[in-house]
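Colleague: Work out the full structure: start from the sequences and follow the hints.
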Amino acid sequence: TALTYYLDITNPPRTNVLYELAQYASEPTEQEHLRKMASSSGEGKELYLS
Numbered sequence: 001t002a003l004t005y006y007l008d009i010t011n012p013p014r015t016n017v018l019y020e021l022a023q024y025a026s027e028p029t030e031q032e033h034l035r036k037m038a039s040s041s042g043e044g045k046e047l048y049l050s
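Numbering (the UniProt record's numbering), first residue to last: 1 to 50.
Some hints could be false.
[Unchecked claim] Distance windows between CB atoms, simulated:
1) S50 <-> E20: 28 to 34 Å
2) H33 <-> I9: 18 to 24 Å
3) L49 <-> A25: 16 to 22 Å
4) A2 <-> L49: 18 to 24 Å
5) N16 <-> S50: 17 to 23 Å
6) E20 <-> E43: 18 to 24 Å
Rather than coming from a laboratory, the hints here were simulated on the basis of the structure. Please read these numbers as outputs of a predicted model, since none were measured by experiment. Backbone N, C-alpha and C fix where the C-beta goes; we use that ideal spot for every residue, glycine too.
Modeller: In structure tokens:
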């Protein structure tokens, strides 16, 4: 199936995917958290790696 070939569940999502997903979050705090994780700031990198 397409999921077998195009979805990698063994690695975290790339930061650009997190940024795109943020627009679909229903809670503003979730949007902010996803955008922060997608940013290149020190705090964002720390969140992404945790």
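Colleague: Please go over all the hints and tell whether each is borne out by the structure.
Modeller: Results of checking the hints against the structure:
1. S50 <-> E20: 28 to 34 Å: violated, 21 Å
2. H33 <-> I9: 18 to 24 Å: holds, 21 Å
3. L49 <-> A25: 16 to 22 Å: Between L49 and A25, where Cβ atoms are some 20 Å apart, the hint holds.
4. A2 <-> L49: 18 to 24 Å: At roughly 29 Å between Cβ atoms, L49 and A2 fall outside 18 to 24 Å, so the hint is violated.
5. N16 <-> S50: 17 to 23 Å: Given range 17 to 23 Å: holds, Cβ gap about 19 Å.
6. E20 <-> E43: 18 to 24 Å: holds, 20 Å
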